[in-house]
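Straight run, no breaks: the sequence shown in my numbering ends on number 662.
Honestly, the hints are just simulated from the structure, not real lab data.
Treat the numbers as computed from the prediction; the structure is a model and nothing was measured.
Just so you know, not all the hints are guaranteed correct.
[As the list claims (entries may be wrong)] Each computed DSS-like pair below joins lysine-lysine, with the alpha-carbon atoms no more than 30 Å apart:
#1 K628 - K515
#2 K534 - K515
#3 K515 - K599
#4 K599 - K656
#5 K602 - K628
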Amino acid sequence: MGIRNTQKLIGAILINLKAISESTLDKALEIQNQTKPHIRLGSLLLQGKEELKSAITEEILSKALATQYNVEYIDLSKTPLDAGFIESFPGKLFKQYQFIPFRKSQDETVLIISDPTDLRKVDILHRLIQMPFEIAVSTEAGIVEIINKLDTLPK
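Please model the complete structure; the sequences and the hints are all you need to start from.
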């Protein structure tokens, strides 16, 4: 399946990317520890709870998750898509499961999702698509934008 958490913590990855400072990470962890129910660190930094003020962008979080899970990050605003490959999938699946078929080669099929930690979605896609695939990561906003464009194309 190809999704492997490299065991590097998302906070350390964000510091290495120079997306946040250690003091921002410390403040976010403090807020996270006080939050019930638990909010994932990336979501907390993205949403800008309390004094974090949207510490990171969705693109930065997506890149960090791709690094953490050792998968490719795809910038959908700059990457051409294979319309023929996309059309080989039932269109209703895109909207329901928020993914984009990206590429198929002799060796691999790649699907783009926004959250590689969503193993339930990955398992469902394996059952529905019934072919081996690898995961790549992009922003949720980018995926939704592509899905909305696909909805407007003639069938």
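Against the structure, the hints:
Our distance criterion of 30 Å between C-alpha atoms is met by K628 and K515, whose separation comes to about 23 Å. For the suggested pair K534 and K515, the alpha carbons sit about 19 Å apart, so the restraint of at most 30 Å is met. Taking the CA atoms of K515 and K599, the gap is about 35 Å. The hint is violated against a cut of 30 Å. For the hint linking K599 to K656, the alpha-carbon distance of about 13 Å falls within 30 Å, and the restraint holds.
A distance of roughly 13 Å separates the Cα atoms of K602 and K628; the hinted pair therefore holds under the 30 Å criterion.
Checked against the numbered hints above, the structure breaks only hint 3 and satisfies the rest.
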